[in-house]
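Chains as they are written, first to last, in the numbering used here: chain X, 1 to 327; chain F, 1 to 263; chain D, 1 to 295.
Treat the hints with caution; some may be incorrect.
[What the hints assert, rightly or not] Pair ranges (Cβ atoms, derived):
| # | chain 1 | residue 1 | chain 2 | residue 2 | range |
| --- | --- | --- | --- | --- | --- |
| 1 | D | L14 | X | P207 | 22 to 28 Å |
| 2 | D | V281 | X | P167 | 28 to 34 Å |
| 3 | D | L44 | X | I315 | 35 to 41 Å |
| 4 | F | D20 | D | V281 | 47 to 53 Å |
| 5 | D | L276 | F | E91 | 29 to 35 Å |
[As the list claims (entries may be wrong)] Over the 12 Å line for every Cβ pair with chain D, so calculated as not near, a few chain F residues:
| # | residue |
| --- | --- |
| 6 | S15 |
| 7 | T17 |
| 8 | E91 |
| 9 | D146 |
| 10 | A170 |
| 11 | L191 |
[To be verified] Residues of chain X placed beyond 12 Å of chain F at every Cβ, according to the derived structure:
| # | residue |
| --- | --- |
| 12 | A87 |
| 13 | P115 |
| 14 | P167 |
| 15 | R208 |
| 16 | T220 |
| 17 | T266 |
| 18 | Y295 |
Read the hints as simulated data drawn from the structure, not as lab findings.
Predicted model, so just to flag it, every value in this text is computed and none were measured.
Glycine residues also receive a C-beta, built at the ideal position from the N, C-alpha and C atoms.
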Amino acid sequence: MDTTARDGFAVPIGQRQTTMQLSRNRKRGALQGRIVHWLFFACAVMSVITTFGIVVSLLSQSLGFFGEIPFWEFLFGTNWSPILKDAEGNRHYGVLPLVSGTLLVASIAAAVAVPAGLAIAIYLSEYAPDKVRRSIKPVLEVLAGIPTVVYGYFALTFVTPLLQSIPVRVFREDLLVFNALSAGLVMGLMIIPMVSSLSEDAMVAVPRSLRAAAYALGGTRLEVSLRIVVPAAFSGIIASFILAFSRAIGETMLVTLAAGATPRLTFNPIESIQAMTAFIVQLALGETPHGSLEYNTIFAVGLLLFALTLGMNVIGHFLVRRFREEY
Amino acid sequence: MTTTTGPTATDTTLSVTNLDMYYGSFRALRDINMEIKRHSVTALIGPSGSGKSTLLRCFNRMNDLVPGARVEGQVLFNGEDIYHPSIDPTEIRLRVGMVFQKPNPFPKSIYDNVAFGLRINGFRGNMDEAVERSLRRAALWDEVKDRLKASGLTLSGGQQQRLCIARAVAVQPDIILMDEPASALDPISTLAIEDLMRELSRDYTIIVVTHNMQQAARVSDWTAFMTMGEDRAGYLVEVGDTHQIFTNPRDERTEGYITGRFG
Amino acid sequence: MAKAEVTALLNPRLAMRKRIGSVAYVIFILAILLGLAGLAALLLRVLWQGAPWLSLHFLTDYPSRFPEQAGMKSAIFGTIWIMALTGLFTVPVGVGAAVYLEEYAPKNWFTRIIEVNISNLAGVPSIVYGLLGLAVFVQLLSMGRTVLAGAMTMSLLVMPIVIIASREAIRAVPSTYREASYGLGATKFQTVKDIVLPHATPGIMTGTILAMSRAIGEAAPMIAISALVFLTFIPTDPLDEFSVMPIQIYNWVSQPRPEFRGIAAAGIIVLLCVLLSMNAVAIYIRNRTQKRSEE
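Modelling step: build the complete structure from the supplied sequences, incorporating the hints.
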């Protein structure tokens, strides 16, 4: 055995070199590890910077807008004509017509997607055999993957003519080419999978033992579903509604193509309206000089849109988390 | 009516003949034959996997909820075949209640937990009275009478299990099936549940699955011993008076189990 | 009250309840059929209207005022540019963030903020990203309405999807693998690089493809960045102007002449085919890895 010392450091020479090399490597490894750690950290922080960027850019650009238009006039004004002047030569910056247009379309969408999505979720979670469930779910998910511009095309060229061909005039008026109704109906179709899959997740998470107890008391499948499973999954189901509604509010291409470009404070679904997002697109497409009041207007509307959807998403995610803690 | 000791024909509430039970192609129970006496406590004992819970779930057709489960043979409940095609399992479950291994109150108020079975079955009487009576019957009333609106989940484990018993009792079934009702509870709560079983057996027929032989000996009038065959199908070894089974079993496998030689 | 009395007061009306149950069942099935019928109507409508306009020249021609000559060459190339750059920006940063959150992050308030922030970013409307891109990339950083600005905007938009999918993929790597690696004296970075990431790659790829298929269909943020539709050249470097397929489709749908509806439908068919093949690849990867892990 080739060693340098018999007592104390009884280490073979070759091996000692390896040990030294290893420790040098380890030192370099530690430095490398720290650098890598910070790189990964920087990646994660990018998401915070993005949020920060959104808030700052929306705020700073709309600052110019709110410098000229009082905040309350913007938020509660009922007349929106930032581009065209009225007879007296004034422009108006009351955002309520855009908000009402957005809410009108989103409400029609919710009226379709909430019952249909919930029914689908109940069926998939409580009724469907595994095989059926596994084949239906991906097909429904396709609805969520179709680009929204395609839905806009569908609403404008198919659903509106279809509705126009219905001989009964519900509102005793003609359905316009651009209208909130068909945009809302098609948007409802679009967000069905969002409601159904989130609600189903919530219902599947309800413990089996609760169902067993309800069946053991002589409950039918429907009673067990509606009186035990749905209430037990309630916060998760409500969260799915809120998140889907928020999605509907932020949807852009569908309302731009099918709902019109006439800001109007109305809740009549067969009229043409303008949604907040559609206004942003309309102005972005035009040649508005950057820094002008018109240009800043889209950021003010964007800020409102961001605040609305963020609020709903925070509530929705809070409910989902609370639901997860329950079970 | 008093607790009977000597079985006669009219005392029989459940009668099982040549019962086989399958999950898909797997036979879980083989050739079960037994009779359950009215207003008594019958204990099902035996090693894990011997099909005690599966057999219990044949009595209220809970196995119907498992895809691929099917039953051959006959289960007569007061002379009526509960597996007859014209019989709705929902109807059977109304008359054969069940208490589960883990307390499983609904995430609703204590009151609504007890009222649930009555409500879905169109109860037209005084609901407050019915809830109070059921809670008293389950020896829970005094502990919860001031907080009936509180969630059932706020109760302790033992209280939750008694709430589940009150929930089962509320619709006044003939039979109450209990699937190891005390196995998730502490010793004091366990004793309370055992007392309750004795007390309830004056008015109800109770069938209880238990792992705990002392429990079976303490609470039951009749004991059925089950075990598992080579093919993993559970079958019945012997049924008899609890005293006889524990002191003088006829079958050596029973004797082996109760003296702790196997299982 | 005796037992018999209670039983007499019960009125289970089983037949009635079963009937209600059957009606409800029919309603549930109808809801599913509604979804499926909507999807079928949409796809059939697109095929019906678009198929006659599909031809090779549609893919190789530039947009035109004349329906017979209109094609989507510039939009296709614009989309390819945007996708390539978006992938280039998103994947390293998104996977890096996922690795940080799964493998490095301490459990403290700041990590919590990052997590909440990511899930909220996933819900921000896409047009808001467009405004962000317009304010920051186009104006502040003076990139102009270029491919680069578009791709950076798109990267921010799909970043949350990549992060969330990558985290799931990383979480699915059994912790025994990590322990084995540490047991052999590997550093954290070596473990991540040699053990965790290779095993998470299929999941990360699936998530990336899904993110890209989201990006490929997004029109709103791209309209905010680039309003250009009738582009008669293809971008040759990242600082060129661009159009993308969904913008082109949007433009055709909003043309008053009915022929352009057919052209739009043809464009949609092309877009959906691309999406379909991307999803097929994602499903293929997922199935292959599932099979492998079952073995």
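Outcome of the hint check:
| no. | hint | verdict |
| --- | --- | --- |
| 1 | D/L14 / X/P207: 22 to 28 Å | holds (27 Å) |
| 2 | D/V281 / X/P167: 28 to 34 Å | violated (47 Å) |
| 3 | D/L44 / X/I315: 35 to 41 Å | holds (38 Å) |
| 4 | F/D20 / D/V281: 47 to 53 Å | holds (50 Å) |
| 5 | D/L276 / F/E91: 29 to 35 Å | violated (50 Å) |
| 6 | S15 | holds (22 Å) |
| 7 | T17 | holds (26 Å) |
| 8 | E91 | violated (6 Å) |
| 9 | D146 | holds (23 Å) |
| 10 | A170 | violated (8 Å) |
| 11 | L191 | holds (26 Å) |
| 12 | A87 | holds (61 Å) |
| 13 | P115 | holds (23 Å) |
| 14 | P167 | holds (44 Å) |
| 15 | R208 | violated (9 Å) |
| 16 | T220 | violated (6 Å) |
| 17 | T266 | holds (42 Å) |
| 18 | Y295 | holds (52 Å) |
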